[in-house]
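Undergrad: Here's the letter readout for the chains.
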Amino acid sequence: MPNTFARTAAIAALLAGAASGALAQEDNGSILVQSTTSTANSGLYDYLLPLFEDETGITVNVVAVGTGQAIENARNCDGDVLLVHAKPAEEKFVEDGFGTERTDLMYNDFVIVGPEADPAGLDGMAVVEDALALLAERSATFASRGDDSGTHKKELSLWSEAGIDPAAGSGDWYRETGSGMGATLNAAIGMGAYTMTDRATWISFENKQDYEIFVEGDDALFNQYGVIPVSPEACPSVNAEGAQTFANWLLSAEGQTAIGDFVVDGQQLFFPNAPEDDTAS
Amino acid sequence: MGEALALAISLVASGDADLAEIVALSLRVSLSATLLAAAIGLPLGALVAVGRFPGRGAVLVAMNALMGLPPVVVGLVVYLHLSRAGPLGFLGLLYTPWAMILAQTILIAPIVAALARQVIEDLHAEYRDQFRSLCLSRGQVIGALLWDARLSLMTVGLAGFGRAVAEVGAVMIVGGNIDHLTRVMTTAIALETSRGDLPLALALGIVLLVIALGVNAAVQTLHTRAARSGAHV
Chain A
1 MPNTFARTAA
11 IAALLAGAAS
21 GALAQEDNGS
31 ILVQSTTSTA
41 NSGLYDYLLP
51 LFEDETGITV
61 NVVAVGTGQA
71 IENARNCDGD
81 VLLVHAKPAE
91 EKFVEDGFGT
101 ERTDLMYNDF
111 VIVGPEADPA
121 GLDGMAVVED
131 ALALLAERSA
141 TFASRGDDSG
151 THKKELSLWS
161 EAGIDPAAGS
171 GDWYRETGSG
181 MGATLNAAIG
191 MGAYTMTDRA
201 TWISFENKQD
211 YEIFVEGDDA
221 LFNQYGVIPV
231 SPEACPSVNA
241 EGAQTFANWL
251 LSAEGQTAIG
261 DFVVDGQQLF
271 FPNAPEDDTA
281 S
Chain B
1 MGEALALAIS
11 LVASGDADLA
21 EIVALSLRVS
31 LSATLLAAAI
41 GLPLGALVAV
51 GRFPGRGAVL
61 VAMNALMGLP
71 PVVVGLVVYL
81 HLSRAGPLGF
91 LGLLYTPWAM
101 ILAQTILIAP
111 IVAALARQVI
121 EDLHAEYRDQ
131 FRSLCLSRGQ
141 VIGALLWDAR
151 LSLMTVGLAG
161 FGRAVAEVGA
171 VMIVGGNIDH
181 LTRVMTTAIA
191 LETSRGDLPL
201 ALALGIVLLV
211 IALGVNAAVQ
221 TLHTRAARSG
231 AHV
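Residue numbers (my numbering), protein chains in the order written: chain A, 1 to 281; chain B, 1 to 233.
These aren't lab readings, by the way, just hints derived from the structure by calculation.
A hint or two may mislead.
To be verified - Distance ranges between label pairs, derived from CB positions: (1) B:F90 / A:R138: 53 to 61 Å; (2) A:G178 / B:G57: 35 to 43 Å; (3) B:A62 / A:G192: 39 to 47 Å; (4) B:T155 / A:G178: 31 to 39 Å; (5) B:L80 / A:G97: 18 to 26 Å; (6) A:S252 / B:E3: 41 to 49 Å; (7) B:A20 / A:E101: 39 to 47 Å.
To be verified - If you want a taste of the chain B side facing chain A, the calculated C-beta under 8 Å gives, among others: (8) S83; (9) A85; (10) Y95; (11) T193; (12) R195; (13) G196; (14) L198.
Model, not experiment: these values are computed from the prediction.
Each residue gets a CB set at the ideal place from its N, CA and C atoms; glycine is no exception.
My request is simple: use the sequences and hints to build the entire structure.
TA: In structure tokens:
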């Protein structure tokens with residue numbers, strides 16, 4: 001069969017043609033959200049976005065990465081909206097001219113989880129600083145994100161408030177995974193380490209094994225999410241109108257109610273707290 | 001493992017539309033990248049195989065070393081070029097399947113070139129005297145060698161395809177793992193792993209393996225048929 005090769009090539013060319021046909025996407029009326037992972041991994045967007053898309057006809061595409069990377073991508077103008085959780089970094093983003101305005105969107109909290117056996121004896125501790133001090137004192141294995149994400153920034157600030165430099169134990173009891181929350185939870189569970197996670201990721205995480213929450217409820221563990229449309233002045237390529245429509249919707253009474261209505265296993269994951277004047281509009 | 005296998009079977013049997021979409025995109029991206037890499041790598045490999053030029057040794061070492069390109073580095077370089085802040089940002093290709101095809105092409109073109117070079121060099125050694133007696137031009141020699149080695153080169157293409165369809169580092173960065181737009185098998189597996197849904201992640205892994213098996217079986221069939229008809233293997 002001398003034509004076999006030619007035929008293979010023809011089939012391959014057809015496949016490539018089919019590919020290019022399917023790839024021709026019209027991206028009118030779509031926006032790209034650079035987002036933290038917790039909102040995506042917990043399924044919040046799967047719940048919210050269809051509501052928004054049905055109402056406005058705007059397609060929302062989400063790139064879910066750590067807060068540090070999301071901000072960096074948005075600074076490169078590779079996104080129309082930023083939805084993350086590291087207020088100082090967000091404010092700097094706006095100050096530097098990359099965002100039009102930062103608004104509080106919703107909150108939840110961080111928790112410290114560990115193995116049921118609780119080798120460090122964290123059970124019953126209400127103050128996160130004391131818990132961290134105990135972990136360091138007993139050199140209990142702790143898995144840190146180590147990736148400049150919102151959760152990582154928060155964790156570092158808590159260590160610093162507790163007057164501890166965990167880097168001294170790096171590679172020993174303090175293990176920086178350099179990866180996302182889910183991957184860090186998997187790693188922590190794999191090595192019997194404690195770790196800090198946002199509650200949304202924890203509740204929707206399906207590989208908990210014998211892990212449970214040991215420290216929660218301290219005001220210092222508050223986790224605020226903010227939304228920022230990327231500025232068309234800094235980034236002329238953005239879909240500014242679509243971005244503003246999306247931000248307005250999230251901050252509206254309707255969007256806020258929808259955020260509050262999202263539950264996993266009967267538990268509310270995110271608590272809307274947009275400023276009142278935005279909610280009213 | 002048993003749970004994952006059962007899940008994989010039920011996913012496929014139920015004809016899950018999302019899964020079908022993800023599988024189709026994986027195949028489109030990686031097959032397109034394989035074709036592009038072949039279009040670049042085969043002539044390049046052949047040229048180096050038959051050519052004698054100063055610095056050839058260095059080129060060989062470089063080609064072979066590039067087979068070990070880390071996907072995440074390729075992803076990063078492509079991201080920096082396609083980003084709106086980068087030199088090719090105006091094309092608006094970032095976070096589209098095109099960006100993924102480009103990254104995978106860069107990743108596997110050296111593999112195709114380096115392996116093709118070896119195959120063709122061996123064949124060339126066999127035929128050199130014959131070519132010389134026929135007074136063929138270099139272009140004709142390369143054409144004849146590529147044609148004669150086509151079956152071995154299919155395997156070379158498969159090696160490239162295998163690397164492309166299995167990598168996650170590059171497509172994650174330049175595709176962004178966007179649902180219904182740039183999500184492929186490997187990024188979906190990474191996502192389910194990070195959600196802690198390990199059985200589903202493993203089930204998707206099994207589906208990916210079966211797809212790779214299917215592609216290889218299809219090429220093997222062509223290979224066997226063609227070999228029976230007398231082509232050089």
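Undergrad: Next, verify each hint and record whether it holds.
TA: Do the hints match the structure? See the list:
The hinted range of 53 to 61 Å is satisfied by F90 of chain B and R138 of chain A, whose Cβ atoms lie roughly 56 Å apart. Range check, G178 of chain A to G57 of chain B: about 38 Å between beta-carbon atoms, so the 35 to 43 Å window is met. For A62 of chain B paired with G192 of chain A, a C-beta distance near 45 Å keeps the hint of 39 to 47 Å intact. Separation of T155 of chain B from G178 of chain A is about 37 Å and conforms to the stated range, judged on CB atoms against 31 to 39 Å.
Here the CB-CB span from L80 of chain B to G97 of chain A is close to 21 Å, well matched to the stated 18 to 26 Å. Taking 41 to 49 Å as the suggested C-beta distance range, the pair S252 of chain A and E3 of chain B conforms, at roughly 43 Å. Between A20 of chain B and E101 of chain A the C-beta distance comes to about 41 Å, which sits within the given range of 39 to 47 Å. Interface restraint check for S83 of chain B: the shortest CB-CB distance to chain A comes to about 4 Å, inside 8 Å, so the restraint holds.
Interface hint at A85 of chain B: satisfied, since its Cβ lies 4 Å from the closest Cβ of chain A, which is below the 8 Å cut-off. Restraint check, Y95 of chain B versus chain A: the minimum CB separation of about 6 Å is within 8 Å; hint holds. At a threshold of 8 Å, the smallest CB-CB gap from T193 of chain B to chain A is about 7 Å, leaving the interface hint in force. With a cut of 8 Å, the hint placing R195 of chain B at the interface with chain A holds, because the nearest CB-to-CB distance is about 5 Å.
Restraint check, G196 of chain B versus chain A: the minimum CB separation of about 3 Å is within 8 Å; hint holds. Interface restraint check for L198 of chain B: the shortest CB-CB distance to chain A comes to about 6 Å, inside 8 Å, so the restraint holds.
Checked against the numbered hints given earlier, this structure breaks none of them.
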